[in-house]
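Q: What follows is the residue order along each chain.
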Amino acid sequence: MGAKSEPTATRVAYGEALVELGEKHEDIVVLDADLSVSTQTAKFGKAFPDRFFNCGAAEANMMSMACGLAATGKRPYASTFAIFATGRAYDQVRLGIAHNELPVRIGASHGGVSLGEDGASHQMIEDIALMRAMPKMTVVVPADYNQAYRATLESYERDEPMYLRFGRPATPAVYDEIPETLGEGVDVLREGKDITLIATGHMVWRALEAAESLKREDGVDAEVLNVSIIKPLHSESILESIAKTGVVVTAEEHRVVGGLADAVRQVAAEQHPVPIFAVGMGDEFGVSGTGEACMEHFGLTARGIADRAREALLLKPIVSHPPLLGRDWT
Amino acid sequence: MVAAVEAAKAHPDPDALANLALVRHLHPVPDPRPPTKEAALGERAPSIAELERWATILRIECVRMLAVAKSGHLDSSLSAADIVSALYNRVLRHDPERPDWPERDRFVLCKGHAAPIQYAALAHHGYFPLEDLMGLRKIGEHLQGHPDMTRTPGVEVSTGSLGQGLSMCLGIALALRLDGLEDTAHVFGLLSDGDCQEGQTWEAVTAAAHYKVSNLTAIVDYNHLQTDGTTEEVMDLGDLRAKFESFGWDAVEIDGHDMEAIVEALERSRTLDRPAAIVAQTRKGRGVSAMEGRFGFHGKPPTPEQAEAALEELMAKLEEQTAALAATEGDS
Chain Y
1 MGAKSEPTAT RVAYGEALVE LGEKHEDIVV LDADLSVSTQ TAKFGKAFPD
51 RFFNCGAAEA NMMSMACGLA ATGKRPYAST FAIFATGRAY DQVRLGIAHN
101 ELPVRIGASH GGVSLGEDGA SHQMIEDIAL MRAMPKMTVV VPADYNQAYR
151 ATLESYERDE PMYLRFGRPA TPAVYDEIPE TLGEGVDVLR EGKDITLIAT
201 GHMVWRALEA AESLKREDGV DAEVLNVSII KPLHSESILE SIAKTGVVVT
251 AEEHRVVGGL ADAVRQVAAE QHPVPIFAVG MGDEFGVSGT GEACMEHFGL
301 TARGIADRAR EALLLKPIVS HPPLLGRDWT
Chain E
1001 MVAAVEAAKA HPDPDALANL ALVRHLHPVP DPRPPTKEAA LGERAPSIAE
1051 LERWATILRI ECVRMLAVAK SGHLDSSLSA ADIVSALYNR VLRHDPERPD
1101 WPERDRFVLC KGHAAPIQYA ALAHHGYFPL EDLMGLRKIG EHLQGHPDMT
1151 RTPGVEVSTG SLGQGLSMCL GIALALRLDG LEDTAHVFGL LSDGDCQEGQ
1201 TWEAVTAAAH YKVSNLTAIV DYNHLQTDGT TEEVMDLGDL RAKFESFGWD
1251 AVEIDGHDME AIVEALERSR TLDRPAAIVA QTRKGRGVSA MEGRFGFHGK
1301 PPTPEQAEAA LEELMAKLEE QTAALAATEG DS
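Same order as they appear, the protein sequences are chains Y and E. Mind the numbering: the first sequence is residues 1 to 330 in this note's numbering, read in order. Mind the numbering: the second sequence is residues 1001 to 1332 in this note's numbering, read in order.
So that you can see chain Y by itself, here it is in the shape it has in the complex:
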């Protein structure tokens, strides 16, 4: 285990952490569906061939096999692209894994549009919504290599079914070290008083850049939260920041329906309503292009977040004062 400071893909952390877990724990098995180089599970497969099952291009079978393995005492990590893990094999994940509350980890790589050139058929932008809606499923989206490494290690310690979303492109480091823990799944990366930027996955480093720009160009102090566990969402951390700033922008590489935006809005609407603006995918599918070009195309950029924040700040004096409950929302 070693922290990385240069840009590295979160899926790389998954693959490397699996090898570390495999050395420590005999009961770990890894399954893949003919994408083990992309998902990075090939490293585990090379180190522990007996405990690695390449299921070929048959994701439904893979998920139900993971159920059988877990029901017989193993701790399976089942990996493929996010699109196939959640879209193609939804019913298998639902009945075999979530319903049975088995300790299966779905390691889904290539989430979002940043996988680039393969285009809409492969760019999964509803996976968080699907997995959030599924009872008993925990949803984890790490922000960088270092957090993804911890998320993978920590997943072994937990008992519930988990969905872990990783990405294809190298992504800048947000954490200097491999964090001790994911904790409650909400980290305050930057403190501020004027607006809260809540981001997940690949949008976290962009939110930090947006906060810099807001400070530099507008003198706005933005608070930045990284949500690594979208479900169950630790509402206290969210509410504490919302109560302080009174206005929010969420950012995710996902549909704004069912994802982080809705999760935050749900908490806020019930307990502390404030304006919440969302950066994410609208009612549209992805397109082909380089990963970075796709992110630009859909406005999933630091500038996209900062612009949304400026719009939100214009509305803040109109709709946020006085705060309904103030800081004593508890």
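To be clear, the hints were calculated from the coordinates, so they are not data collected in a lab.
Selected chain Y positions facing chain E (Cβ under 7 Å, derived; list incomplete):
hint, residue
1, ALA60
2, SER64
3, MET65
4, ALA71
5, HIS99
6, ASN100
When the alpha-carbon atoms are kept at most 27 Å apart in a straight line, the in silico DSS-like pairs for lysine-lysine are as follows:
hint, chain 1, residue 1, chain 2, residue 2
7, Y, LYS46, E, LYS1212
8, E, LYS1212, Y, LYS43
9, Y, LYS136, E, LYS1138
10, Y, LYS24, Y, LYS46
11, E, LYS1317, E, LYS1300
12, Y, LYS4, Y, LYS46
13, Y, LYS24, Y, LYS43
14, E, LYS1070, E, LYS1300
15, E, LYS1243, E, LYS1212
Even glycine gets a Cβ: it sits at the ideal position worked out from N, Cα and C.
With chain Y held as given, fit chain E onto it using these hints.
A: Just chain E now, with coordinates in the frame of chain Y:
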């Protein structure tokens, strides 16, 4: 029984009371000798005649459960009764007192809609009280409409969505191999013809041959009737045995109501060095002549009249089988 039905006519819900009158567990079957425990199997395996008698008992339980639940798949349960009787009473190495015994054989009811037949077998082996059978499909009771591993002792994995069961069986078989139990613990999956229409089943069949698992047996309860008609009308499965064989499995076809053939095929399947398929030609609703091989009963519970007629027929059969067994014992 008739008196109870008479009395029920005054009840606001005569159907429910009439049904209940049919299902007294206090006098369930004449001479309800408990099934032979795993420990005792070494001394004497139940005979073919005994297994047939147990199949009748399981069928009776299914009719009772469905009459009370007024919901469920009776005919699908009846077609599998002989196979399930052979498995639980003779072939499976299992111990109800240690449902978590790591070396036990695993039985997975891939065709989860036939849950009543498995529940009846589990209850008669003491996994839970016989009385629980009357809670089938009722709120607050543990016997769900389809098998649920989180609620019912003896259920290995939850099933009910067709096509997933064989993949689950394969996962179990591979886990047992990793634990060094491949030669001891065997996995038996009972599939329906509907299971074989699902593409996922063939993904699992492909993978099982690829991984060369030797501790997996798939039994197809091929009763040729599904919700919308015969399988030949709805989606013809053709020669299932040949299909399994062409995927690299050992595959045999048997009469799924011939107890001797069932036991022989199941016990042989344990000894093979590759996955084994047993295509069992069966008749849906077997044992109840009003239902047997007839379309239109899938997913429909029996009416009180149908249940009473079915029970009468099955009880007569049971008495006959019991008497024959007693006579044989008298001879020896």
